[in-house]
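J.: Sequence:
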Amino acid sequence: MHWNGMFASLPLISYWEYTRDEFDGKTYELLDGLNAWSHCFLEDINGQLVDFNRKNPDEEHEGQKVKNPQIGLSLIKRVAQVQLSMASYYNRTAPDYIIDIVNRLSPFNNDSNVWTSYENATVKSDDFAMYPLWPSKALQSIEDPAVRNMARRSAKKYCDFASGRPVLVSSAAVRAG
Numbered sequence: 001m002h003w004n005g006m007f008a009s010l011p012l013i014s015y016w017e018y019t020r021d022e023f024d025g026k027t028y029e030l031l032d033g034l035n036a037w038s039h040c041f042l043e044d045i046n047g048q049l050v051d052f053n054r055k056n057p058d059e060e061h062e063g064q065k066v067k068n069p070q071i072g073l074s075l076i077k078r079v080a081q082v083q084l085s086m087a088s089y090y091n092r093t094a095p096d097y098i099i100d101i102v103n104r105l106s107p108f109n110n111d112s113n114v115w116t117s118y119e120n121a122t123v124k125s126d127d128f129a130m131y132p133l134w135p136s137k138a139l140q141s142i143e144d145p146a147v148r149n150m151a152r153r154s155a156k157k158y159c160d161f162a163s164g165r166p167v168l169v170s171s172a173a174v175r176a177g
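Per our numbering, the very first residue in the sequence shown carries number 1; after that it's consecutive.
Just so you know, the hints here were simulated from the structure itself, not pulled from any lab data.
Hints should not be assumed to be uniformly reliable.
[Said to hold, decoys possible] Label-pair distances were calculated between CB atoms; the ranges are:
#1 P107 x K65: 33 to 41 Å
#2 A162 x K26: 44 to 52 Å
#3 N91 x R152: 30 to 38 Å
[Said to hold, decoys possible] Each computed DSBU-like pair below joins lysine-lysine, with the alpha-carbon atoms no more than 35 Å apart:
#4 K65 x K157
#5 K65 x K55
#6 K67 x K55
#7 K26 x K67
C-beta atoms are modelled at their ideal positions from N, C-alpha and C, and glycine is treated no differently.
Produce the complete structure using the sequences and hints provided.
T.: Laid out in structure tokens, this is it:
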């Protein structure tokens, strides 16, 4: 996985969103480094930035090399959107690669009405059901009614434990044990 830095940035992002304190510019610098790396890693395929590097492909789970894993798309989008917001808030000029990521990153994966874990996945193709819900963390405010409805349908589908999830329900600890 190529997301460790992005995962590590999430507490700083949350802190900045609540306080607007960026630790003397260190949060902005961290996000800038992560976004610069992402922009280099992503492949430009037909005008779209795709999370799939042929030499070092991303993975949905360990050893499962897939194109456009939902977690990767979500984290890349989240980090880029926040740095863009920080640039605006502090009257800075955002680097072009951030705007490029925000505008051209592959859209979130879906299987007709709900988000899925990776490109060409189906609702039933993966037993890690919460991965498809990562876009909800990436969207700072869901103003687009179509995206808001996709988020609602996805949450309903993957979190309806009473009716049975579309994937395995036993935890990893139980399976391991």
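J.: Hint by hint, say whether it matches the structure.
T.: Cross-check of the supplied hints:
1. The hinted range of 33 to 41 Å is not satisfied by P107 and K65, whose Cβ atoms lie roughly 20 Å apart.
2. Range check, A162 to K26: about 45 Å between beta-carbon atoms, so the 44 to 52 Å window is met.
3. With their beta carbons about 36 Å apart, N91 and R152 fall inside the hinted range of 30 to 38 Å.
4. Restraint check: the Cα-Cα separation between K65 and K157 comes to about 25 Å, which is no more than 35 Å; the hinted pair holds.
5. Our distance criterion of 35 Å between C-alpha atoms is met by K65 and K55, whose separation comes to about 11 Å.
6. For the proposed pair K67 and K55, the alpha carbon gap of about 13 Å is at most 35 Å, so the pair holds.
7. For the hint pairing K26 with K67, the CA-to-CA distance comes to about 32 Å; that is within 35 Å, so the pair holds.
Taken one by one, the earlier hints fail for this structure only at number 1.
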